[in-house]
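Number of protein chains: 2
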Amino acid sequence: MTEPVPSQLQQYRRSIDNLDAALIHILAERFKVTQQVGQLKARIGLPPADAGREREQIQRLRSLAESSHLDPDFAEKLLNFIINEVIRHHVAASDGSGD
Amino acid sequence: MTEPVPSQLQQYRRSIDNLDAALIHILAERFKVTQQVGQLKARIGLPPADAGREREQIQRLRSLAESSHLDPDFAEKLLNFIINEVIRHHVAASDGSGD
Chain W
1 MTEPVPSQLQ QYRRSIDNLD AALIHILAER FKVTQQVGQL KARIGLPPAD
51 AGREREQIQR LRSLAESSHL DPDFAEKLLN FIINEVIRHH VAASDGSGD
Chain P
1 MTEPVPSQLQ QYRRSIDNLD AALIHILAER FKVTQQVGQL KARIGLPPAD
51 AGREREQIQR LRSLAESSHL DPDFAEKLLN FIINEVIRHH VAASDGSGD
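Residue numbers (our numbering), protein chains in the order written: chain W, 1 to 99; chain P, 1 to 99.
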């Protein structure tokens, strides 16, 4: 059932694969930073969550998405998806923070 | 209720903001490419979904995630989240494809 993939489609897929690799590496770096945030907050006794910071992040990402012609609702859902993962990690490590 | 943010935390947050902007821009580019894939598939009569391609993408991302010390399950969930959004877009535009 293996059909030859048209070369134009192959070319698009190579771009998607490159972009996905970039996404993974940026996310890996982001988790490194949020881990440090969690440790810092625990050390200086700051609460894990910061509603003001979260509101700012959402507003900023929505407007960045708009200027990139990306659906702002999707950008917001994605940020929440990532923040939930950060919280899950931090709960597991008991060091808090949804940064 | 506005407390001064420690400078180390501010620095971490600036990194997170930069990384989030990079994520948004890469995703915007990815959606541009998947849109072209959808149009190409519709034009040449290829089915929107390709289970073999999806399996390859998942395997590739999981192994990239592992080598970046990112949770492979998270990478897989994220890819599914993005592919679902691509499908939602394509259903809306009736041009199919979960690439």
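Bear in mind the hints are in silico, worked out from the structure with no lab data behind them.
Be careful, since some hints might not be right.
No copy labels: a pair is met if it fits in one copy or bridges any two.
[To be verified] EDC-like mimics (lysine to aspartate or glutamate), calculated; alpha carbons at most 16 Å apart, straight line:
#	residue 1	residue 2
1	LYS77	ASP20
2	LYS32	ASP17
3	LYS32	GLU56
4	LYS77	ASP50
5	LYS32	GLU85
6	LYS32	GLU66
7	LYS77	GLU66
Quantities reported herein were computed from a predicted structural model and do not represent experimental measurements.
Results for each hint:
no. : hint          : in the structure
1   : LYS77 - ASP20 : between (18 Å within a copy, 13 Å between copies)
2   : LYS32 - ASP17 : between (23 Å within a copy, 14 Å between copies)
3   : LYS32 - GLU56 : neither (21 Å within a copy, 27 Å between copies)
4   : LYS77 - ASP50 : neither (18 Å within a copy, 26 Å between copies)
5   : LYS32 - GLU85 : within (13 Å within a copy, 26 Å between copies)
6   : LYS32 - GLU66 : between (27 Å within a copy, 14 Å between copies)
7   : LYS77 - GLU66 : within (14 Å within a copy, 25 Å between copies)
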